[in-house]
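Q: Put together the whole structure using the sequences plus the hints.
Protein chains in written order, with the numbering used here: chain A, 1 to 168; chain B, 1 to 791.
Worth double-checking, as some hints may not be accurate.
[Stated by the list, open to error] Label-pair distances were calculated between CB atoms; the ranges are:
{"no.": "1", "chain 1": "A", "residue 1": "Val158", "chain 2": "B", "residue 2": "Ala238", "range": "52 to 58 Å"}
{"no.": "2", "chain 1": "A", "residue 1": "Glu129", "chain 2": "B", "residue 2": "Asn41", "range": "35 to 41 Å"}
{"no.": "3", "chain 1": "A", "residue 1": "Val158", "chain 2": "B", "residue 2": "Thr479", "range": "54 to 60 Å"}
[Stated by the list, open to error] Derived pair list, reagent style DSSO-like, types lysine-lysine, alpha-carbon separation capped at 30 Å:
{"no.": "4", "chain 1": "B", "residue 1": "Lys787", "chain 2": "B", "residue 2": "Lys400"}
{"no.": "5", "chain 1": "B", "residue 1": "Lys400", "chain 2": "B", "residue 2": "Lys454"}
{"no.": "6", "chain 1": "A", "residue 1": "Lys146", "chain 2": "B", "residue 2": "Lys33"}
{"no.": "7", "chain 1": "B", "residue 1": "Lys22", "chain 2": "A", "residue 2": "Lys146"}
{"no.": "8", "chain 1": "B", "residue 1": "Lys454", "chain 2": "B", "residue 2": "Lys604"}
{"no.": "9", "chain 1": "B", "residue 1": "Lys604", "chain 2": "B", "residue 2": "Lys500"}
{"no.": "10", "chain 1": "B", "residue 1": "Lys454", "chain 2": "B", "residue 2": "Lys779"}
{"no.": "11", "chain 1": "A", "residue 1": "Lys146", "chain 2": "B", "residue 2": "Lys658"}
Bear in mind the hints are in silico, worked out from the structure with no lab data behind them. Here a beta-carbon is modelled for each residue, glycine too, at the ideal position from N, C-alpha and C.
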Amino acid sequence: MSTIHVSVTVNGERREADVEPRLLLVHLLRDTFGLTGTHIGCDSSNCGACTVHVDGMSAKSCTMLAVQVDGREVRTIEGMADGAALHPLQQAFWDQHGLQCGFCTPGMIMQAAWLLEQNAAPSEGEIREGIAGNLCRCTGYVNIVKAIQQAADTLRAVDAPAEPATAG
Amino acid sequence: MTDVQVRTTTTLEVGGMGHSVKRKEDPRFIRGKGEYIDDLNLPGQLWMDIVRSPYAHAKILGIDASEALKIPGVLAVVTGADLEKAGLHWMPTLAGDKQMVLPTHTVMYQAQEVAAVVATDRYIAADGVAAVLVDYEPLPVIVDPKKALEPGAQVLRPDRGPEKANNHIWHWESGDRAAADAALAKADVRVAEDIYIPRIHVASIETCGCIADWDAVNGHLTLHMTSQAPHAIRTVLALVSGLPEHKIRVKTHDIGGGFGGKVPVYPGYVLAVVASLTTGKPVKWIEDRSENLQADSFARDYHIHAELGATKEGRITSLKVKTIADHGYTDAAADPSKFPAGLFNVITGSYDFPDAFVEVDGVYTNKPPGGVAYRCSFRVTEAVHAIERMVDILAHEIGKDPAQLRMENFIQPEQFPYKTPTGWEYDSGNYPVALRKAMDMIGYEDLRREQAEKRARGELMGIGISSFTEIVGAGPSHTFDILGIKMFDSCEIRVHPTGKVMARIGVQTQGQGHETTFAQIIAEELGFPVADIAIEYGDTDTAPYGLGTYASRSTPVAGAATAIAARKIRDKARLLAAHLLEANPDDLEWGSGAFSVKGSPDKKKTIQEIAFAAYTNHPQGMEAGLEAVDYYDPPNLTFPFGSYICVVDIDRGTGQVKVRRFVAVDDCGNIINPMIVDGQIHGGLTMGFAPALYEEIAYDELGNNLNGTFMDYLLPTAVETPAWETGKTITPSPHHPIGAKGVGESATVGAPPAIANAVVDALWHLGVRNIDIPMTPQKVWRILNEKGVAL
Chain A
1 MSTIHVSVTV
11 NGERREADVE
21 PRLLLVHLLR
31 DTFGLTGTHI
41 GCDSSNCGAC
51 TVHVDGMSAK
61 SCTMLAVQVD
71 GREVRTIEGM
81 ADGAALHPLQ
91 QAFWDQHGLQ
101 CGFCTPGMIM
111 QAAWLLEQNA
121 APSEGEIREG
131 IAGNLCRCTG
141 YVNIVKAIQQ
151 AADTLRAVDA
161 PAEPATAG
Chain B
1 MTDVQVRTTT
11 TLEVGGMGHS
21 VKRKEDPRFI
31 RGKGEYIDDL
41 NLPGQLWMDI
51 VRSPYAHAKI
61 LGIDASEALK
71 IPGVLAVVTG
81 ADLEKAGLHW
91 MPTLAGDKQM
101 VLPTHTVMYQ
111 AQEVAAVVAT
121 DRYIAADGVA
131 AVLVDYEPLP
141 VIVDPKKALE
151 PGAQVLRPDR
161 GPEKANNHIW
171 HWESGDRAAA
181 DAALAKADVR
191 VAEDIYIPRI
201 HVASIETCGC
211 IADWDAVNGH
221 LTLHMTSQAP
231 HAIRTVLALV
241 SGLPEHKIRV
251 KTHDIGGGFG
261 GKVPVYPGYV
271 LAVVASLTTG
281 KPVKWIEDRS
291 ENLQADSFAR
301 DYHIHAELGA
311 TKEGRITSLK
321 VKTIADHGYT
331 DAAADPSKFP
341 AGLFNVITGS
351 YDFPDAFVEV
361 DGVYTNKPPG
371 GVAYRCSFRV
381 TEAVHAIERM
391 VDILAHEIGK
401 DPAQLRMENF
411 IQPEQFPYKT
421 PTGWEYDSGN
431 YPVALRKAMD
441 MIGYEDLRRE
451 QAEKRARGEL
461 MGIGISSFTE
471 IVGAGPSHTF
481 DILGIKMFDS
491 CEIRVHPTGK
501 VMARIGVQTQ
511 GQGHETTFAQ
521 IIAEELGFPV
531 ADIAIEYGDT
541 DTAPYGLGTY
551 ASRSTPVAGA
561 ATAIAARKIR
571 DKARLLAAHL
581 LEANPDDLEW
591 GSGAFSVKGS
601 PDKKKTIQEI
611 AFAAYTNHPQ
621 GMEAGLEAVD
631 YYDPPNLTFP
641 FGSYICVVDI
651 DRGTGQVKVR
661 RFVAVDDCGN
671 IINPMIVDGQ
681 IHGGLTMGFA
691 PALYEEIAYD
701 ELGNNLNGTF
711 MDYLLPTAVE
721 TPAWETGKTI
731 TPSPHHPIGA
741 KGVGESATVG
751 APPAIANAVV
761 DALWHLGVRN
771 IDIPMTPQKV
781 WRILNEKGVA
791 L
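A: This is the structure in structure tokens:
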């Protein structure tokens, strides 16, 4: 079968591949690039285990073709930590017991990251709506919601300008 | 205050029992560095994909693989005829029935495996599947187990021989039929109901899969797979394939949720093994979601008729239950061999009454194997649903508050250990306290007042209770085995010279957090910090033999083995400490991770110092080293319990049931990690909520699966799922070494009847006695419409 050349920036790194036109993005990431943190849980875009960012937008990589990311930027779970320093969402999922089997976790974290970029201080209801496209079978979502709230607090504290020192 | 204080005896740094230690497994998962089966790829690996039947029952007239084999990269197409030559077309199920690996002449359910395509790439394997032509002759289909039992019904399994020319698999009964009949005849009040608990599917977010890796040079097979019971798989593989068991290694890696769906041996695993044996290369098979939802084993599918007798004051006197169990075309349940209907006879529940009789008949239909699991393997969910629905119906029938009726019928705390009329001995419990706590947390009396006001205004609000008793920890070897293998479990602990610990357990983890909680058991017993303890599992070459993780058995059985193995190490450590301190072992006392001389607390040796001495300075005549293994045979099962209260509001316009509040008070005995226990309960509640309102695997009359994708099989999202409110009581198990009972399935077992009871409670005044789950908007709206209250 003929192939098409794809050039894509993944987690800040330029990656190239010759792919079949039918290759799914999730298989490009997992099988071609070896980034297996992005998972596959369904064939119908329902579960969200495959959620990544494409040019900053949350996207279900099982429902995109690899050729569609040519010339674009993709961020996966492997691109969330800064070296040894966890992303506040990763830290919060750990702190709040927001994962059990861990299979939905990368997609859930990527979706939550996008959600918090859109809404820095979401209510519980907004968080639940925001992750409605990501299924978790283990946690009952309670601690995932708490984790996203914790990360939102952390990210806002980082972004907030330092309080000016008061003269004493 | 919703929670009791959980007892701790260690510092947080040591992290023994009762501490909410953060999970040791999480750092890899939150970074996307877990290793699930599809993340693993071996050099030279091939791919396998499966041709499946579109028919629920059909003769195979021919299979033409010629077009498939022309596709570059397609290497082989394996059919039932190929397997038959090696005698591998049938395999045993865990229930001792037979299951086709591939059919030689007849398919028995929709999506059954018909042929396997082996190719160089996953896409090419799928191309090959699409190119295999199968000629079918459709046969009449039986989807209703009651019709399957009718005289003259076509016999679905003629392979069982002429003496079994029917679709009846087995009959099982428990209790005293005559006594139950007599008590029912004398009862002032009798309530009877037909309750159907439909087929559901665990739908773990990771599907099933494997890589079979045959090493022809060494005659060695490694099977990397999604299994909750790797040792049992190894033994079954050895028996089926004839390969020597020491040349088979089953390795599980990380598992993306199990819930019982990864206990059975599916044909795909065996086909991958055959493909690897044939090609001499590693062969990978990964299910897609539709294959998973259509062909893997299912849970429930119980048609229950229950009858409850009581005095006119509402004191229960007797229970009689007759059930038809739809097992699909083969009995592939993972029940202990003496219990074809699992532990269904725990159906007398939390109530004290003398007479009960329960019988179950297993039946074949044209469906995939059923009766396996959905976060409860052993039919406890079905039992709890039936008794909790019946108790509620009785309460409504005689006009007594359902909480009050339960209180008046509970087994009382002083009656434990309590012998049930169906033969179980409940270890411990305090049911009134749990229910009262749930009532206080939710404000039960206020809710009843609110309900009366709303009902007067025509609004539909219901309150439902479930006071369940679980039965877990299978099990004592005198009673429990699967395919003859006794249901003990195991732990091996090795303490290294520098005071670091490696422990291996016979159970598996699919998200339960065993790397953390089993380390906490060892930390509790030996004083090593959790950070210094590594837990390994899921590799049959290294882990001690165990029956795996399902039916909430890890903590009750392997957890006990871990505590006992640690105590064996402590016994030896005492002798080493006595040697180091030049003291009599009997003069030493244990505390805070050290042995000290009684009365001279400064004369002590820490467990780390003792560990070093075990390799560097052990007394003459004593074996070097510090390790122990234990195979734990539980003396009894454990009986977790709880009381759940649910409040629902029903939309008269749409029939939609909204769970407004849900309070769950659970008692799982002593708690290893409160954070993890809460997480297990949250998840379990959600998997009780799901089948109560949304999930069902339904079939049309042709046996077509109507729920084969996540578009049709509705897992709850964060939007529908209630914000669970949890509370605890703690009643330790008296026979378990650490007093723990297990918790993984309690909430899935207990939650559905609380929701069903709430919905029926909202509608009882309209003449509604029962609604079978799932209580979908369509089903509820039709009832509202029929009763003239739909808007």
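Q: Does each hint fit the structure? Answer for all of them.
A: Verification of the supplied hints:
no.: 1; hint: A/Val158 <-> B/Ala238: 52 to 58 Å; verdict: holds, 56 Å
no.: 2; hint: A/Glu129 <-> B/Asn41: 35 to 41 Å; verdict: holds, 37 Å
no.: 3; hint: A/Val158 <-> B/Thr479: 54 to 60 Å; verdict: holds, 58 Å
no.: 4; hint: B/Lys787 <-> B/Lys400; verdict: holds, 24 Å
no.: 5; hint: B/Lys400 <-> B/Lys454; verdict: holds, 19 Å
no.: 6; hint: A/Lys146 <-> B/Lys33; verdict: holds, 23 Å
no.: 7; hint: B/Lys22 <-> A/Lys146; verdict: holds, 15 Å
no.: 8; hint: B/Lys454 <-> B/Lys604; verdict: violated, 68 Å
no.: 9; hint: B/Lys604 <-> B/Lys500; verdict: holds, 19 Å
no.: 10; hint: B/Lys454 <-> B/Lys779; verdict: holds, 23 Å
no.: 11; hint: A/Lys146 <-> B/Lys658; verdict: holds, 22 Å
Checked against the numbered hints given earlier, this structure breaks only hint 8.
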